[in-house]
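Colleague: Sequence:
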Amino acid sequence: MKMASCTNYVFVSLIFPVMWLSFSTQLVSGKGNKNYVQEACSVTRYRDLCIHSLASFSTLAKDSPSRWARAGVSVSLSETKSAAHYLVTLKKHRRGMQGINKVALSDCIECFLNAIDELHKSLGVLRTLTKTTFGSEMADLKTWLSAALTDGDTCLDGFEGHKGKQVKLLQNRVSKVTHITNNALALVNKLATTGLGSLPNS
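So the sequence shown is residues -30 to -1, 1 to 172, counted in mature numbering (1 follows the signal peptide of the UniProt record, and there is no 0).
Where hints are given, some of them may not hold.
Heads up, simulated DSSO-like pairs for lysine-lysine below, C-alpha to C-alpha not over 27 Å straight-line [unchecked claim]:
hint, residue 1, residue 2
1, Lys112, Lys51
2, Lys160, Lys62
3, Lys138, Lys61
4, Lys138, Lys32
Honestly, the hints are just simulated from the structure, not real lab data.
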C-alpha cells in the first residue's frame, strides 16, 4: 500500500509541473494577445468597443498595423452590411416607420449602401498594399472611410428630433456602426503614420 501511495505521489509530482507549465503558457499567451489588441486600440476613440470587436484578431494581427487596419475595416464592413439588412427589413415591415420616418429610412438605406461600397473598396486596397503606391493608397483609404462615416452621420441626421421606440433602436444601431468605422479610420491613420516599414509580411 505504501508503494502504491508513493507511486501515485511520484506520478502527481511529475505531471503537475507539466500541467502548470501548460496552464502558465496559456495565461501568458492570452495575456499577450490581450495586450496586442489593447495596444492596437489605444489610438481609437471608442477603445472599449474596439477591443471587444477586434479581440479575436489578436493572434493573427499581433503588432502589425496593416493587419489591424485590415481587421478594423473588415469588421466595419460586416457591421455595416448587417445594419443595412436591418434597415431594409425595417422598411419592408414598416413597424413604426410611417410618414417622415419612412422618408428618412429610405435615405438612411441609401447612405448605408454607399458606405458598403466605400468599405469594400477600402478593404480591397488593404489586401493589396504596395510600397510604390502606399501614399496614394492611404489617401484613398482615408477618403473612403471618412465618406462612410459621413454616410452614417447623414442617416442619423435624418432622424434627429424623431421619437418612438423603433427610431431609438435604429439610432443606437447606426451609432454603433459609425463608432466602429471611426475606430477603423483611426487604425488606418496609425498605419499611414507607421509608414512602409509595416508592410513586409503584413
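Colleague: Against each hint, give a clear statement of whether it holds in the structure.
Modeller: Against the structure, the hints come out as follows:
| no. | hint | result |
| --- | --- | --- |
| 1 | Lys112 - Lys51 | holds (20 Å) |
| 2 | Lys160 - Lys62 | violated (40 Å) |
| 3 | Lys138 - Lys61 | holds (15 Å) |
| 4 | Lys138 - Lys32 | violated (37 Å) |
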